[in-house]
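Visitor: In case you want the letters, here they are:
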Amino acid sequence: MARGSVTPLLKEIRSNPLLWLLAFVPVVFIARAFKPEAHTLLFLLSVVAIVPLAALLSRATETVAARTGDTIGGLLNATLGNLTELLIALAALRVGQYVLVKGAIAGAIVTNALFMLGASFLLGGLKHHVQEYNRNTARLQAGLLFLATIAVLIPSVVGGADAPATTAVFIQRLSAGLSVLLIVAYGLSLVFSLITHRELFAAADHVEAGEVQWPLRLALATLAGVTVLVALVSEVFVESMQQAATALGISPAFVGFIIVALVGAAAEMVTALSAAVRDRLDLSVSIALGSASQIALFVAPILVLFSYVIGPTPMSLQFWRGAVAMMLISTLTASLVTNTGRSAWFVGVLVVTVYMIFAMTLYLLPPQ
Amino acid sequence: MARGSVTPLLKEIRSNPLLWLLAFVPVVFIARAFKPEAHTLLFLLSVVAIVPLAALLSRATETVAARTGDTIGGLLNATLGNLTELLIALAALRVGQYVLVKGAIAGAIVTNALFMLGASFLLGGLKHHVQEYNRNTARLQAGLLFLATIAVLIPSVVGGADAPATTAVFIQRLSAGLSVLLIVAYGLSLVFSLITHRELFAAADHVEAGEVQWPLRLALATLAGVTVLVALVSEVFVESMQQAATALGISPAFVGFIIVALVGAAAEMVTALSAAVRDRLDLSVSIALGSASQIALFVAPILVLFSYVIGPTPMSLQFWRGAVAMMLISTLTASLVTNTGRSAWFVGVLVVTVYMIFAMTLYLLPPQ
Amino acid sequence: MARGSVTPLLKEIRSNPLLWLLAFVPVVFIARAFKPEAHTLLFLLSVVAIVPLAALLSRATETVAARTGDTIGGLLNATLGNLTELLIALAALRVGQYVLVKGAIAGAIVTNALFMLGASFLLGGLKHHVQEYNRNTARLQAGLLFLATIAVLIPSVVGGADAPATTAVFIQRLSAGLSVLLIVAYGLSLVFSLITHRELFAAADHVEAGEVQWPLRLALATLAGVTVLVALVSEVFVESMQQAATALGISPAFVGFIIVALVGAAAEMVTALSAAVRDRLDLSVSIALGSASQIALFVAPILVLFSYVIGPTPMSLQFWRGAVAMMLISTLTASLVTNTGRSAWFVGVLVVTVYMIFAMTLYLLPPQ
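Chains as they are written, first to last, in our numbering: chain A, 830 to 1197; chain B, 830 to 1197; chain C, 830 to 1197.
Hints listed in this document are in silico derivations from the structure and should not be mistaken for laboratory results. Cβ atoms here follow ideal geometry from the backbone N, Cα and C, with glycine treated the same way. Hints may be right or wrong, so weigh each one.
Label pairs and their in silico Cβ distance ranges [as the list claims (entries may be wrong)]:
| hint | chain 1 | residue 1 | chain 2 | residue 2 | range |
| --- | --- | --- | --- | --- | --- |
| 1 | C | 1029 | A | 1024 | 37 to 47 angstroms |
| 2 | B | 1024 | A | 1134 | 53 to 63 angstroms |
| 3 | B | 1025 | C | 1141 | 52 to 62 angstroms |
| 4 | B | 961 | A | 1009 | 25 to 35 angstroms |
| 5 | B | 1046 | A | 1024 | 50 to 60 angstroms |
| 6 | B | 997 | A | 1075 | 28 to 38 angstroms |
| 7 | A | 844 | C | 998 | 44 to 54 angstroms |
| 8 | A | 1075 | C | 1138 | 31 to 41 angstroms |
| 9 | B | 897 | A | 1171 | 44 to 54 angstroms |
| 10 | B | 1028 | A | 1028 | 52 to 62 angstroms |
If you want the footprint, here are the derived chain C segments under chain B, 3+ residues with CB under 8 angstroms [said to hold, decoys possible]:
| hint | region |
| --- | --- |
| 11 | 1141–1154 |
| 12 | 1170–1177 |
Working from the sequences, and respecting the hints, build out all of it.
Guide: Here it is, written out as structure tokens:
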């Protein structure tokens, strides 16, 4: 690639302080080579390194999306929008850490549907008295989330504790079937929102006016290169996570649910919050709920199906009942607060407080 | 009865292919007389025979209703609209098959509130871009369903597993009390929708223009005759069901929940779906949710009260927790998707997918 | 205080038959002095004595509120509006009767959110065909209730039955943390509804035209004096309650949930119902849901925090799962029925029937 074509990338890095953290990426690999036993250090370094990589990844995805037209672009955003979360989960999947994978999935749903949404309402509401947004998007995404929550709830409710051996087979076959159902529903939702009923959903274009446009080749190269880097850093992150949590005295549930989710969503969080402050709440709601439903209906089922190929044993869709309760409550909350299409600061307080109830519970939870 | 007055009935049978299945009704009784041990055959024959009988039954009920004025007609539809389901359940009740009775009740609620509603939205939406309907009806029926779900949920939640003997007495007395409450609430809902606030609810007249009008005497005679036939075929159905399910390798939960419910609702299903295609979604929603709430607030409590008279022991309103969860989710889903009064094809996909999650779970569920 | 300034109080007592029951207040203390063992008598006498005291208390609070301007007055109503419930609960807290305290809290939430709301809709609807009200108030209060329900639900769901010792410490720390969160959220809701977005919420002024205005000093003196009396009578009530329930053959759950709640809310009930009949449904909804959310987000957390100081051991926010289910259902019901801002008599029937399902269940529940 010619030197000239990289200029927009370097410009972006210079102008965006979040991307200065990219300096930590090589540090992670150097530290791991020299101090493979320093789990807490490696954990903290990898957390700091993933944040700017995730930001670059979503910037590159959006650029490719913007350059390939509305429908294909929407599709790309819908499949690669949570690539960071997918890569972290794949790293955990490969080594059979299913508790972490499920914690990360549930945590990402909860963090996007509650924290990102609530913080957008709160910050937007502190600046603007009352804000309005397109509630069709919110309704569609809340409906999808509701569907995914049911798919996760039913195996837990129906598969009782009796006859564990039979039940394990049942849960596994059911999980595979439900995963296929969810992916099909997700695919149809894209047909609906990108093709047949496109006019109902405001085109939430992420690339803002005034931003430097990247050439397509640069965007594709960045996408490829950064994907590899995120995958490598995620490996370090997953390896060091458990022992670091013990050393720092944080419960593993808190790490999976809260820290992994916030790290993976940091880049989108910045976009959603700054959109809310600029009174573009449509965009904030669409990023927050769109991400949550994408993880629930696309990333999670893909991981279940992948586990047959790359995991030591198949992974199920059955979650710990606390996680199921939190996903259900998040879905209900998002659905209730978005059904008017209006918001004020206190709506944000309500939603963020629900998130804080979860975070506090997980933080205090004794290790099982 | 004079030969001439039967003409509309024969005409109806000639013009409606579904009714040609009436030929299977005598076959059922012949097969049972000669091959009483052929459970699988008897099961399949009785399934096929109930479908056209149910269609005739609802046609006759509607005709009588149409001839007796809005209020009495509405009352008739509201009490006899699910006569098939009631007759099947009574056959099972008499022989003490309470698991089947409860499965059929829960299944009928879920099938009507999810499958019939969702398939109407889907088929209607494939033909029409966006459809609108009177949401007052949907709100009332969803409210009634919600009430019934709570009545079913509370005994399960409150009546713990401790002190089983005391609990059994408590559950039984509570079930009788709750049944009376539900029937009273159902009665008051009829006063509300047929008398005091009639103008809020579009008169969903089932008899379409262009249909041949039956004389009242023919309709009454058909009602009486077909009721007896359905009762007799239901007996064969209930007798053969369990062993047929084992032979066919289907879980009994699936038979009760899905097959019995689809067989009982087949006739209404045809009406609801064809109304949706003709952009008369008001009628589809009113049939789907009206049937579900009628089963929940009228058929189920009546069966509990009847069990004191005709059952070997009293039957309770306490359901298996998987059934309670499915009823609760169906109610919430119906309530959430109908509260705008607008629909497009993807709403149908969402609702049908929830139903498929349930069907898949029950299909895979190992026999307990 | 001069004789003249007491005149409005005496006038009020003469004109309001409910206040004639004040005659029972001295009777309670006389009976307790002479017949300390007559638990059933003391229980009944204290019930009858609390009702008029509660009425006086809310009258005095409202007068002080009306005299101190909208914001401070709103704040006073919001903190002292459920003083009776708080005083009864404090009496039970001091002697470590946490089951009664929690029953009273859950019962007060359910009674206000269902019975008071439903009876207002029903009575109002019997007189007026369709009634409209400001749904912003209902939405805010339902949102707060939802938040409190989640705070109560999460410890019960997450804190499993395993490792009871660790769990007890976890539940206790979590309860303290959640209590602080709820009080902060409640405080912010007051900032929202009384200061920043005041215009969205109709000023629900309780003091009606035509009522005699009390001087501020009289109101303050009444507030202080009656608070002491309620506290003293509550002590008799709590002491005698348990043995009276046994003697009367009523389950303790029923007493805590239904009787304590109805006694504590009697005065507000009268105001809410008479407002509904006069087609001032705004006021009814605001009293019913406002009381419920105040108990959930202010009284209950205050009691948890107070228990560290005045209780024998700290009290948790963890409720019996039947109570959690009832609070959750009450919140959902209130939220679903109020989201249109319109009402007719059958909406009242629905809501009251949910309450009757609960009351019947608790009445029949065998003592554990």
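Visitor: A separate judgement is required for each hint: does it hold in the structure or not?
Guide: Now for the hints, and whether the structure bears them out:
no.	hint	verdict
1	1029(C) with 1024(A): 37 to 47 angstroms	holds, 39 angstroms
2	1024(B) with 1134(A): 53 to 63 angstroms	holds, 55 angstroms
3	1025(B) with 1141(C): 52 to 62 angstroms	holds, 55 angstroms
4	961(B) with 1009(A): 25 to 35 angstroms	holds, 33 angstroms
5	1046(B) with 1024(A): 50 to 60 angstroms	holds, 55 angstroms
6	997(B) with 1075(A): 28 to 38 angstroms	violated, 48 angstroms
7	844(A) with 998(C): 44 to 54 angstroms	holds, 49 angstroms
8	1075(A) with 1138(C): 31 to 41 angstroms	holds, 36 angstroms
9	897(B) with 1171(A): 44 to 54 angstroms	holds, 47 angstroms
10	1028(B) with 1028(A): 52 to 62 angstroms	violated, 34 angstroms
11	1141–1154	holds (count 3)
12	1170–1177	holds (count 4)
The structure is inconsistent with the numbered hints 6, 10, although it conforms to all the rest.
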